[in-house]
Each structure stands twice: as structure tokens, then as C-alpha cells.
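Visitor: Residues per chain, in single letters:
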Amino acid sequence: MSESLLSIEQLSFTWPGTPRPVLDLPEFSLGRGEKLFLYGPSGSGKSTLLALIGGLVRADRGRMVFDGVDLTKLSGPRRDRFRAEQLGVIFQQFNLLPWLDVRANVALPCRFSRARARRAGNIQAAVERLLKGMDLDPDLWMRRADALSVGQQQRVAAARALIGQPALVLADEPTSALDSDRRAQFLDLLFAQVEAADSTLLFVSHDRELAARFDRQLDLSEINQAEVAA
Amino acid sequence: MNLLALAWGSLLNRRFAVVLTICTIALSIGLLVLVEQLRAEVRQGFYRSVSGTDLIVGARTAPVQLLLYSVFGIGDATNNISFQTYRELSEVREVAWAVPMALGDSHRGFRVVGTSSVFFDHFQYGNRQPLHLAEGRVFDDLFEVVVGHRVARQLGYSVGDQIVLAHGTGRVSLQQHDDHPFTISGILAPTATPVDQQLFISLAAHQAIHIGWESGMQRPGAGIDADAARERAEELEPQSITSIMLGLTSRAAVFGLQRRINDYRAEALTAVMPGITLQELWRITGLAEQILRVVAGLVVLAGLLGMLTVLLTTLNERRREMAILRANGARPVQIAGLLLFEAGLIAAAGIAAGLLLALGVQFMAAPWLLEHYGVHVGVSLPELGVWQVLGGIWLAGLLIALVPALLAYRRTLADGMQVRS
Chain A
1 MSESLLSIEQ LSFTWPGTPR PVLDLPEFSL GRGEKLFLYG PSGSGKSTLL
51 ALIGGLVRAD RGRMVFDGVD LTKLSGPRRD RFRAEQLGVI FQQFNLLPWL
101 DVRANVALPC RFSRARARRA GNIQAAVERL LKGMDLDPDL WMRRADALSV
151 GQQQRVAAAR ALIGQPALVL ADEPTSALDS DRRAQFLDLL FAQVEAADST
201 LLFVSHDREL AARFDRQLDL SEINQAEVAA
Chain B
231 MNLLALAWGS LLNRRFAVVL TICTIALSIG LLVLVEQLRA EVRQGFYRSV
281 SGTDLIVGAR TAPVQLLLYS VFGIGDATNN ISFQTYRELS EVREVAWAVP
331 MALGDSHRGF RVVGTSSVFF DHFQYGNRQP LHLAEGRVFD DLFEVVVGHR
381 VARQLGYSVG DQIVLAHGTG RVSLQQHDDH PFTISGILAP TATPVDQQLF
431 ISLAAHQAIH IGWESGMQRP GAGIDADAAR ERAEELEPQS ITSIMLGLTS
481 RAAVFGLQRR INDYRAEALT AVMPGITLQE LWRITGLAEQ ILRVVAGLVV
531 LAGLLGMLTV LLTTLNERRR EMAILRANGA RPVQIAGLLL FEAGLIAAAG
581 IAAGLLLALG VQFMAAPWLL EHYGVHVGVS LPELGVWQVL GGIWLAGLLI
631 ALVPALLAYR RTLADGMQVR S
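These protein sequence lines are chains A and B, in that order. Counting in this note's numbering, the first sequence tops out at residue 230, every number present. Counting in this note's numbering, the second sequence tops out at residue 651, every number present.
No lab work stands behind these hints: they were computed from the structure. Here the structure is a predicted model, which is why all the values come from computation and not from measurement. Please note: incorrect hints may appear among the correct ones.
Where chain B lies over chain A, by a calculated footprint (3+ residues, C-beta under 8 Å) [as the list claims (entries may be wrong)]:
#1 60-67
#2 88-99
Facing chain A, a subset of chain B residues (Cβ under 10 Å, in silico) [as the list claims (entries may be wrong)]:
#3 S240
#4 I554
#5 R556
#6 A557
#7 N558
#8 G559
#9 P562
#10 V563
#11 V616
We put the CB at the ideal spot given by N, CA and C, even for glycine.
Take these sequences, add in the hints, and give me the full structure.
Guide: Next comes the structure, spelled out in C-alpha cells:
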């Protein structure tokens, strides 16, 4: 790990309407090109950390430096722009807009960020390359997204997260809806495409069977100083 | 427009609910526009029927009633005026022309007007247009009749046909003047006024067919033979007529003459200025129009609330969609904008469909109104005021959509990066 892409210091966050912070992170860092496996029991603050990095919520205090920029200092619209340009996101499931076809779903981030569209170059070609990379049959490309199986949908979501080479891919339990064979296959494809895009991967899961394949693994409950409600 | 394409896709995905919402708004807008259009068109139709007449004179009665029965055939006269009055009025200096009208007979539901040939020379309608004959000529022989355009068209008459008039103005008349058949001498060109629904005979003919009918019923054997009547045509003169239409030499004389007629000593008369009397009529109908307007307005409000309901309901179903858009870089403002765009599109489509609906109904109702009320209703584009109201309704639709848009805005902020299903 030569250089860090994201480094967090003294970060704390409280959800509105709750008395105590759910996240209190003295230190956390993510290297450029690193594939980090972040695990921890429910309520350990995994989703909150992703929302903070994604710029969807604002920290109470602390620093969160991404590629030289402190995200905690950015205004709402600047954080939206940062997310659109720098992040690819994969959820547990229901990633796709059901009424768009597969290709339009993959191209979605390019609608919201010119920088993403520029880096993707020829968007259609980039879409097809990524879909092929995620082993999706060309017959499926023109179908509506909700005509695909869950496993196929997750692979489309991964392709979408990677279009326009975002610096960081946030994956929030993307394999939890898949059976174990498909899980391994999904990881193979995802790793290959993350490497091809020179991206960094922050993979959140509670399924530690997968952890061994990552560069590093981290238990969030160990570094999170917030008192988790019993 | 990338975002608009997204909004469009989302709308298409929910097309069933969207189309129903558009229909709801279209129906309400249709009602509103129809009320306004018919109001304007009916008024226009009434005005064009009397545009060339300066005064209408009848027996003492309410001005509105006189106008309605003498020109539009709505209701009946309570009293007649003497023919002597007609003669005296036609000789007044300010009077350019005087058309006598003797009502009371009909032909298959159409009114028969006993008048003189002056009518065809001087009656004007619409934009001061004179009457034209489409076929034939004005009545010449005693038992000749000129029929209006619609009478001829609906009953399939042509010049030379023989018809029998009926006593009374009911649709089904039991008593026919069948001893005196009339020959159609001419057919009038269309005017889009009550003239189209009328038949015209001479006063002498009107008198001739009523000889022996003084009691309101025919006295057996008291009628007059057609040839005998023709011989006496010169002296056949009615005792009384129903009303008189006057054209004056100058508009300025109208008020003075009206006062003089109303003060006429030999007989109790009423003279009305058609335009002013119509204003009076609108004052009477104004309340009903206001009520209709309020009802139509409330229906539009219901339509817009229906749209709000649908938008709010879909908001929950679309929570996932919004989280996906947000995670892929959409700003909260853009997501609120999607909802506003959607509402704007639904409202605009509803308004356009409603407008077409109203014009369609107007087009289909026009013949019925013409036949039953003698009012010509054209299909014209709405007045400026209606367009302004429609624009206001569209803006109101956008304003209402601010509610779900703000909810969506706040929700996307609060949901963080979670997809809820």
C-alpha cells in the first residue's frame, strides 16, 4: 500500500433523533488499489460508514480525506458531485431500475456525471465491455432489468458501479442474496473488473468466508469506539 | 435531456395509474371548459339572432319574456296587439321598417310565422347580414310558404312541395289546417339563428286559415274556400298580431321611441331593446352560471387532489428507485425535479385531453341545442380568459406536486445510502 486513497480521523456520526453516536472512528484508512473486506455484526456501523463516505450524510466532527480533499468540508451539492464522479455503489439487492433495459442501467451514472461519461469514453462500448467482463450474455443486454435473475442483476450492478472508472467502489453486502457458488464467481468477476479499472474496493459483509480473498480484512466493531446499544 | 428521459421511462412503467390520473383531470377540465364554452357560445348565439333589430314590440309583459317568445320561440305570448298599432307604428317618422309577426301555428314542431314580405327585405342577423333565399322566391300566392333552412333539410322539403300547417305550437297537433294546404315557394339560406327553424307565410294567409277559428276551435262549416280566400286576399287583414320588430332610421332614436311606445295610450305595449334585454336575461341566468362554475371548479380541485394522491402513493413504491438514482449521483434537487416534471406532464396532458373532450361534446351537442332551443352553438376555440384559467390550473398542479417533491427531497436526505424495498 503505497499511498492512501481515503483516510479518516476522529470521525463521529449520530443519526438525527438518536441520543448517542453510532460511529466513532479514531482512525481508518484505505490504500489506493486496495481491496478491503469490512465486517462486523449488525449495528456495528457498517451502513453508516458507507453513507458517510458516500456523502449522503454529514459527520458530526472529524476528518475524512479522500484523494487530498476533506469530504466533511464539502457542501451538500459538492458531496453529490463527488459521489457521482468518484464512487461506484453496489447494494445488497434491488440495484437496478426495473423499467430500464440492462444497458441503460449500466450507463446510469454517466447521466449524472460528465466526468464519469468522459472517462468512459464511448459509453456504449464501455457498457458492453463491462457487461462482457461480468459474464453477462449479450442476449440479456436489451432486456428489462427486472427480467433478469438476482445473480444476473447483481452482476449488472457491478458493471454499473465500475463504469467511468470510479476511484472507489462501495459494495454493501452484494453477495448476500446469492448462493455460495455464485458468490465465488461474482467475486472473481468483480475483482477482475476492479483491477482493470484501477479502482479501490470497500466490500462490506458479515460473511467472513469470503474474507480470505481480500488484501486486508477489518472488523469494524473493533475500531468503532461508539457504544453500541445492547 | 437525460433526466427527462428517465422521468419518461418511469412514467411509462406506471402508465396504468398515470393514464387514469390523466383521465380524472381531463374529465374535470372538460366540464370546466364546457361550462365556459357553452355560456359564451349561447350568448353569442342569442346576440346574433337579434343583431339587426332595434326594438321589439309586444303586448305589455316582462321584457325578457317578450324577447324569448317573439324571437326564440321559447314560451308563448300571453296577449296580442292590434293590427292598428302595427299600422301606426310603421308610419312613425323614426321607423325605417316594421315587421309584423303573428304566431300560434306550427308545422311538425316548427313554428309558423305570419309576416309580410318586409321581413325578407329588412331582417338582419349576425354581423348585419340580410336574409337570402337558397332556392325559390318569397311567397306570392296566398297559400305559399317560405321555409327555413333546417325545416327543409330535416323534413326533406323542396320548392313546390305541399304541406299542411297545424293549429297551436305543440309538437303533436291534433287540429290541422288541412283545408288549406300550402305550397313551398322558397327555402332560406342557413343563418344559424331561429329563422332556420321557422316557416313564413303572409299575414293574409295567417288570417285566411283562421277564419272560423275565432273561438280557438274550428266552427264546422265556417271555414273559407281557398279560391274565395284568394279573391278576398286584399281585404284579409288580421285583427291582431303577436309582436313587431322595428328597425329605426337612427340608433339615437331608440330610447325616445321606446319610451313613447311604452306610454302608448291606445293599448298597453312593451318595447324592448334586444341587446339590453339579453343583458337582463344574463343577469337572471348569471347565478346558475356561477353555481355551475363553482361546481366545475370544485371538480377540477378533486381532479388535482386525485393526482396528489397518486403521486403520494407512488412515492412509497418508488423509494427504491429514488435511492438507486441517488446512489448513482442524482442530487436531491434532481429527484424532486423528477416529481415536478411528472406532475407537470400529467397536468398538461389532462388539460389538453379535457380541452379536446369539451370541444368534442360541444360539437356533438350543437345540433341538439339548435333543434330544441334555437340557439346556434359554434365550435370555437376558448376565449383568452379560459386559457388563463387553464394555465392557472396547470400551475396549481405544479404547486400541489411540491408536496410529494419536498417529501421525496427530505426522504432521500434521510435514507442515506440504503435501498429499502
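Visitor: Tell me, which hint numbers fail for this structure?
Guide: The structure breaks hints 1 and 11; every other hint is satisfied.
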